[in-house]
Amino acid sequence: MVELNLNHIYKKYPNASHYAVEDFDLDIKDKEFIVFVGPSGCGKSTTLRMVAGLEDITEGELKIDGEVVNDKAPKDRGIAMIFQNYALYPHMTVYDNMAFGLKLRKYKKDDIDKRVREAAEILGLTEFLQRKPADLSGGQRQRVAMGRAIVRDAKVFLMDEPLSNLDAKLRVSMRAEIAKIHRRIGSTTIYVTHDQTEAMTLADRIVIMSSTKNPDGSGTIGRVEQIGTPQELYNRPANKFVAGFIGSPAMNFFEAMVEGNTLVNDAGFKITLPEGKKRLLETKGYNGKKVIFGIRPEDISNHPLVRDTYPGATIKAEVTMSELLGAETMLYVKSGDVELVSRTDASDTYEPGEQVELTLNVATGHFFDPETEAAIR
0 MVELNLNHIY
10 KKYPNASHYA
20 VEDFDLDIKD
30 KEFIVFVGPS
40 GCGKSTTLRM
50 VAGLEDITEG
60 ELKIDGEVVN
70 DKAPKDRGIA
80 MIFQNYALYP
90 HMTVYDNMAF
100 GLKLRKYKKD
110 DIDKRVREAA
120 EILGLTEFLQ
130 RKPADLSGGQ
140 RQRVAMGRAI
150 VRDAKVFLMD
160 EPLSNLDAKL
170 RVSMRAEIAK
180 IHRRIGSTTI
190 YVTHDQTEAM
200 TLADRIVIMS
210 STKNPDGSGT
220 IGRVEQIGTP
230 QELYNRPANK
240 FVAGFIGSPA
250 MNFFEAMVEG
260 NTLVNDAGFK
270 ITLPEGKKRL
280 LETKGYNGKK
290 VIFGIRPEDI
300 SNHPLVRDTY
310 PGATIKAEVT
320 MSELLGAETM
330 LYVKSGDVEL
340 VSRTDASDTY
350 EPGEQVELTL
360 NVATGHFFDP
370 ETEAAIR
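0 is the number of the first residue of the sequence shown in numbering that gives the first Met the number 0; add one for each residue after it.
I should point out that these hints are in silico values taken from the structure, not numbers from a laboratory.
Treat each hint with caution, since some may be false.
Computed list of lysine-lysine pairs in DSBU-like fashion (alpha-carbon distance at most 30 Å, straight line) [as the list claims (entries may be wrong)]:
| # | residue 1 | residue 2 |
| --- | --- | --- |
| 1 | Lys102 | Lys179 |
| 2 | Lys154 | Lys30 |
| 3 | Lys113 | Lys28 |
| 4 | Lys154 | Lys107 |
| 5 | Lys30 | Lys71 |
| 6 | Lys30 | Lys179 |
| 7 | Lys289 | Lys333 |
Label pairs and their in silico Cβ distance ranges [as the list claims (entries may be wrong)]:
| # | residue 1 | residue 2 | range |
| --- | --- | --- | --- |
| 8 | Lys11 | Pro73 | 18 to 24 Å |
| 9 | Pro303 | Met329 | 17 to 23 Å |
| 10 | Asp95 | Pro73 | 18 to 24 Å |
Quick reminder that beta carbons are idealized off the backbone N, C-alpha and C, glycines included.
Start from the sequences and build out the full structure, keeping to the hints where you can.
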């Protein structure tokens, strides 16, 4: 059993006026794959480096297997880290790169050989063991870096944007490789990325972080916005930031006034709400007030069946751009001052300037407070 507890972790750099990471609180279960995701400057890599022991913790407690490790050296924490750049020794073979850390720790030669060959088998590197990094592709080098971590039999694996140097096609295949390797070796893993697709496809749970500029403009404050499974974050975002960050293209937002069972936008269109959404807004005291309405592109449709289901949620809009992506079309439209993106069928082709009727599946819509931006539930 390898569990991690990050108990109200704070990080402040010397001479800084504000925290770089503020109140990071998370319990990680044994064999769980956790992904930290967020925009640049939100503190995700800083938090990972605090777990690794490469950054000091200003406040709070870090426990690995119930033991406080705040003051322990990185080598004594039982962690293995995979960095953004592969950091391989160019003059050494793949075998020697993977074995190097074990040699420093005085492992026996037979044990080293066994560990390296087992890791190479897992990673599909057996035939490359006598090659040097210059003779390998980017994906193969990344696997060597992972192998170097695997042979150590570490308690926790830390990965800091390991795929960011790879091209798009290789990223997809390596993402699948990482998922398979995790299932096979069953390690507790923390993975840092700015790519929400990586987060959604790899994670057991995702930690979404945001960055806020310091009032004095000296830097950013990183905070946790929501922690949950990919499904929870996608279907029940805690606030507008999370709702807009998860999903591609991003969720559509616009302000509207709640008038009974109707949303009225300043641009003039009206959307009839289902009874459940009307009751929710009434119960929470938003009748007669403005809210931010959010709806995902796949929930805006030109399909007649959707129009028949929600006849009071159909709007007229002008096409500004149409993107054919093979199996689907991204339709960018404008209705009054509201700009929306709709994910439609690939057969739906429109030219800029054309008029189109789109229906909003309001049952799947989200509401947010315009001041706090918190979800209304």
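Going down the list of hints, with the structure as the test:
{"no.": "1", "hint": "Lys102 to Lys179", "in the structure": "holds, 28 Å"}
{"no.": "2", "hint": "Lys154 to Lys30", "in the structure": "holds, 10 Å"}
{"no.": "3", "hint": "Lys113 to Lys28", "in the structure": "holds, 29 Å"}
{"no.": "4", "hint": "Lys154 to Lys107", "in the structure": "holds, 20 Å"}
{"no.": "5", "hint": "Lys30 to Lys71", "in the structure": "holds, 22 Å"}
{"no.": "6", "hint": "Lys30 to Lys179", "in the structure": "holds, 13 Å"}
{"no.": "7", "hint": "Lys289 to Lys333", "in the structure": "holds, 21 Å"}
{"no.": "8", "hint": "Lys11 to Pro73: 18 to 24 Å", "in the structure": "holds, 20 Å"}
{"no.": "9", "hint": "Pro303 to Met329: 17 to 23 Å", "in the structure": "holds, 21 Å"}
{"no.": "10", "hint": "Asp95 to Pro73: 18 to 24 Å", "in the structure": "holds, 22 Å"}
Hint compliance for this structure: every hint is met.
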